[in-house]
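Okay, here's what each chain looks like letter by letter:
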Amino acid sequence: MTNRTVLVLLDPAGEVRPSVLELLTIGRTLGRVEAVTLEAPSVEALAQLGAYGVETVHQAELPADLRGDARHLSAVVAAVLTAAVRLTDADVVLAPSTFGAKEAVALAGHALGAGVIIDAAGVAEDDAGHVVGTKRVFAGSWDTVSRVTTDVAALTVRANAVVPQPAEAAVATEVEGFAVAVDAVLPAVTARTEKARDSDRPTLEEAAVVVAGGRGTEGDFGPVEAFADAVGGAVGATRDAVFEGWFDRYIGQTGVTIAPRLYVGAGVSGAPHHRGGMQASQVIVAVNNDPEAPIFEICDFAVVGDLSDVLGQAAEVIRAHKQQA
Amino acid sequence: MRIVVPVKYVPDINAERKFVDCRVDRDPAVGTLNELDENALEAALRIVEALDEAEQETSEIVALTVAPPEGDVALRKAFQMGVDRGVRVSDDALAGSDYSGTTAALAAAVRRLETEGPVDLVITGMAALDGLGSVVPALLAATLGRPSVTFAKTVAVADGTLQATRETDEATESLTAPLPAVLSVADTANRPRFPNFKLIMAARSKEIEQWTAADLGLEPGAVGTAGARTETTLAAPRPEKPPVELVQDKGEGGKALAEYLIRHELV
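Protein chains in written order, with this note's numbering: chain S, 7 to 331; chain P, 918 to 1184.
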């Protein structure tokens, strides 16, 4: 059933992040892909959408009082998704697995009577034409497969589910406005400060390589960051390290959950909380001076040693290798 | 002030968790209170403790769970922290509920509690550690027709208004909402208290109220497997990883690490 209409949430619309490129790639395997935004897409975003086969962008026109900070509330994004599905008669909604988008997709699914799958690691269709979501659960120790039994399916998909692939032929992308009414009871947003993005490194959620520092860094993230830059990876931390004030973002089941191609844990013991956020990684590597560190149980490769020595030497070899290549 | 705290009975994350017949195994040997709900209970207790004495007298915190009878473990833990009442909604018809079924049952229980008097706040944890979907608080707010403030890091209630700050993936936000409202708190919001001996003893004999789907006026077709809009068709453990390749650093550990990454084309 490839005559489906698949709506992909693009929010914000200034750039098309790698996680959204993945959704567009997945969406094309299910049907015709269209995008939904809450603001005008940038010129760069439109070009990328065209390259990924999106002919139509549906840009929500919100009531005047919801055009400021309130437009980021998940109930508002949900109203936009709901209206867009009704407008386009769409069959599938796809969004990245951020906390806000998860709520928005679940709320839209609720309003539409649609089946909802949150944190899918893959999306496909079964022989009967149902949309199917696979998930990796219990800290990456189990796989589940669930099918949506309603006509409309709403899913959030974790980053690194697929490798983004542009469409075979680029298309011209048009933006069409549509009016959205929001009847949800909303809180008031009295202040909002957007976080600055570290533009030199990939984001933790989307990176193919992640280097994490734990208690074993003793507060010095220098070797962790230097190694991350040598391998082109993102930097994260354990919850303990963030509570100590050593870093600002933590990987864990209540923090950022990641599933990169490569995870490197430096001075990370491997407590259940942290494992819940990274155990789905494809290759797990650790450096720890404690030979009994529990993280070694889930590693593919590990070094027992001082993280600063080991990471420093490894970064040097990798930089030399990259220069040769 | 009346506060309802929905809590979940989940397998302990330190135990071996598994699926049985495509459903999370609820073996009582490993079942416990979802750890993140302790933050919700702590937030509720602190809100009541900040009230003046007269208001504290008329306040009530109700822990609510939708679970089989084994779920009483979660409510006992809530009693130990100091809640006033525990309600368990149990019904075979609720087994296999998805997000919409769970939300319908919780919302119906909150409405039933409202027949006794207004419920000012519903406070939840940020997620349940079994499913980690973290969407039920928002769905509950929508079903109850109340504003939703989720992932709160700081919480204050004054003059019938909820004030909270939170950190989302993209931004730091300050939110306010008039009561009644639905609030979920992050694990960074507070440090849950340890139960004292007196409360532990008292928790043993506290009565747990039991309601059925029919008591809540839930249509059997709207909840459980019958009302679910998704169906889990397969649940399988991941294959075990081969044993770790462990290198002791004697001066060449970094080189060995680099060579492993290069050999596997990971850098």
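Hints in this document: simulated from the structure, not taken from any laboratory.
The beta-carbon is built from N, C-alpha and C at its ideal position, and this holds for glycine as well.
Some clues are possibly wrong.
What the hints assert, rightly or not - Covered by chain S, according to a simulated footprint, are these stretches of chain P (three or more residues, beta-carbon under 8 angstroms): (1) 926-938; (2) 982-994; (3) 1065-1071; (4) 1115-1129.
Going through the hints against the structure:
1. For the stretch 926-938 of chain P, the stated coverage by chain S is satisfied: 5 residues place a CB nearer than 8 angstroms to a CB of that chain, which reaches the threshold of 3.
2. For the stretch 982-994 of chain P, the assignment as covered by chain S is violated, since 0 residues bring a beta-carbon within under 8 angstroms of that chain's beta-carbons and 3 are needed.
3. As drawn, the stretch 1065-1071 of chain P meets chain S at 4 residues by the rule of a beta-carbon pair under 8 angstroms; at three or more, the given contact holds.
4. Interface restraint, the stretch 1115-1129 of chain P with chain S: violated (0 residues with C-beta to C-beta distance below 8 angstroms; minimum three).
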